[in-house]
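Work out the full structure: start from the sequences and follow the hints.
Number of protein chains: 2
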Amino acid sequence: MTEMYIPTYDDVKAAHERIRPHIHETPVLTSSYFNELTGADLFFKCENFQKAGAFKVRGASNAVFGLSDEQAAKGVATHSSGNHGLSLSYAAGRRGIPVSVVVPRTAPEAKKEAMRGYGATVVECEPSTTSREAVFADVVAKSGADFVHPYNDHRVIAGQATCSKEFMQQTDGLDAIVAPIGGGGMISGTCLTLSNIAPETEIYAAEPKNADDAYRSFKAGHIIADDAPETIADGLKVPLKERTWHFVSNHVTDILLATEQEIIDAMYLTWQRMKIVIEPSCAVPLATILKNREVFAGKRVGVIITGGNVDLKKLPWMHS
Amino acid sequence: MTEMYIPTYDDVKAAHERIRPHIHETPVLTSSYFNELTGADLFFKCENFQKAGAFKVRGASNAVFGLSDEQAAKGVATHSSGNHGLSLSYAAGRRGIPVSVVVPRTAPEAKKEAMRGYGATVVECEPSTTSREAVFADVVAKSGADFVHPYNDHRVIAGQATCSKEFMQQTDGLDAIVAPIGGGGMISGTCLTLSNIAPETEIYAAEPKNADDAYRSFKAGHIIADDAPETIADGLKVPLKERTWHFVSNHVTDILLATEQEIIDAMYLTWQRMKIVIEPSCAVPLATILKNREVFAGKRVGVIITGGNVDLKKLPWMHS
Chain A
272 MTEMYIPTYD DVKAAHERIR PHIHETPVLT SSYFNELTGA DLFFKCENFQ
322 KAGAFKVRGA SNAVFGLSDE QAAKGVATHS SGNHGLSLSY AAGRRGIPVS
372 VVVPRTAPEA KKEAMRGYGA TVVECEPSTT SREAVFADVV AKSGADFVHP
422 YNDHRVIAGQ ATCSKEFMQQ TDGLDAIVAP IGGGGMISGT CLTLSNIAPE
472 TEIYAAEPKN ADDAYRSFKA GHIIADDAPE TIADGLKVPL KERTWHFVSN
522 HVTDILLATE QEIIDAMYLT WQRMKIVIEP SCAVPLATIL KNREVFAGKR
572 VGVIITGGNV DLKKLPWMHS
Chain B
272 MTEMYIPTYD DVKAAHERIR PHIHETPVLT SSYFNELTGA DLFFKCENFQ
322 KAGAFKVRGA SNAVFGLSDE QAAKGVATHS SGNHGLSLSY AAGRRGIPVS
372 VVVPRTAPEA KKEAMRGYGA TVVECEPSTT SREAVFADVV AKSGADFVHP
422 YNDHRVIAGQ ATCSKEFMQQ TDGLDAIVAP IGGGGMISGT CLTLSNIAPE
472 TEIYAAEPKN ADDAYRSFKA GHIIADDAPE TIADGLKVPL KERTWHFVSN
522 HVTDILLATE QEIIDAMYLT WQRMKIVIEP SCAVPLATIL KNREVFAGKR
572 VGVIITGGNV DLKKLPWMHS
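Those protein sequence lines, which keep their order, are chains A and B. Residue numbers for the first sequence follow this note's numbering, so the first one is 272 and each next one is one higher. Residue numbers for the second sequence follow this note's numbering, so the first one is 272 and each next one is one higher.
Hints listed in this document are in silico derivations from the structure and should not be mistaken for laboratory results. Heads up, a few of these hints could be off.
When chains are identical, the list treats them as one kind, so a pair holds in a single copy or across two.
Stated by the list, open to error - Cross-link-like lysine to aspartate or glutamate pairs, in silico, EDC-like; alpha carbons within 20 Å at most:
#1 Lys584 - Asp536
#2 Lys284 - Glu384
#3 Lys585 - Asp536
Listed below in structure tokens is the structure:
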């Protein structure tokens, strides 16, 4: 077993310099409506306005632009039907190197098209872990491509950490930050940055009740992985891995849960009042703030709006 | 007949000082996707993030906060089922004075609720001009309220003019500005500001083909008013009046038209790529830029995103 490398804040600073030409410094919005509703001073870091529509482009760009020319020539690969696949495709396209993304054949055609639009080779697998692993191993064996895991990768975590670095500068400091948790890449990056530059700032992870494996892991003190949880917050279904567990177990203040209806309500209210398009996954933090008023009232609270890639023709309030 | 007062740029500067505490300096967004698509450098002034969700709060606030204490005590009144009614309610609520809005009883209940939420007295009329005028005259006779017309009012035009004043400062200048045209309040404000501080900047008005009365007026050289045009851009159905005609006829470079489908497509694309919620009315400028590439390519073009108040449960691409 190889020793696990834990990224440092120097890695975050290097990542920020490396990716700066390829990402947006996304704006921070405020809403007097939500301030009144929660009794807190809320700051929304709008990674939905990020390149490729999500924060994941930070970690993907850090991995891609950190490769040696020799490795870069062989390209990168990942498995993801979501924002990480799209972000890795964007970053590889910017560097002009090959990228393969293994995607279940059942994934939305629009997502595959978007990846191809950035220059990716989309390789379809059956919608099962066995098929995905076999197809992915084959892709890597043939190409020698570098595997960029969606979150269990020190380069990816250091890249995501640049988000909170910007956020703290833009707001002149915060009492707490709330971010969604799935595999834990964004939360780990947040922990990495804050434990170094603002150790007194609280870190809350927000998770769908229907996919509460991180919550149960946090309470149990070890990783618990669920098999295929069902939630509308489809970016948050994946389990923690050893690198993200390191940060979650050491630095997270608490994990808060929201039901599916609470997530949909918070998403709708954000669109309606803030006029921004956000994914279900990034409505989870606001949903937890609305139901845990006593935790946040009177504080300066940063909310990470992680992405805005939704199917505008299938909105959750259309089905209710 | 009383002489028509035409506001000056000194009025705009005074308006900006007056309303600054009550409005947002809204952000300017860019989109590399739309830049590539159009060959222009586009800058989007996001008045959808404005207080009450639309630029109209600028003019309404200027009228409300410019009143003498004596007049303010009697309140303000208008007729509008849209953003002006909402904005006047917001401004009056901020000053703590009475406000009555005459609204057709057939208008969406959500809009009436939102006005009441800001403290307005909503007075219903039948959905006809005769009923509206009778009911409105009665409201004013009884209350002595000051009538704040949605656009044919020098205070309102001076207020809307603060939008382009901010926009030019935020962008360090533009070659052209494109804004939607209905009654002409926003366009008149844009003309007022640009003719004073950037007379070389072109001013394009964007109008739905289905409600092209301003276009026909512009070509004919006199006001042509239509009776009840039908367009999805429901903020743009009203005709020009003498104050807005003054600005349109003297300062507008050209008026460009877009079909209903072009408006819907531009609106969808804006939501999808820029992750912002915009009204159909403010998709008209982008629709005209997309179809008149030769007019805008190579230029620094400002696009005024006028508002974001839409019914999220009734989106136009849901019906197609």
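Verification of the supplied hints:
1. For the homomeric pair lysine 584 and aspartate 536, the shortest alpha-carbon distances inside one copy (18 Å) and between copies (13 Å) are both at most 20 Å.
2. For the homomeric pair lysine 284 and glutamate 384, neither the shortest alpha-carbon distance inside one copy (33 Å) nor that between copies (49 Å) is at most 20 Å.
3. Taking the shortest Cα distances, lysine 585 and aspartate 536 sit within 20 Å of each other both inside one copy (15 Å) and across copies (17 Å).
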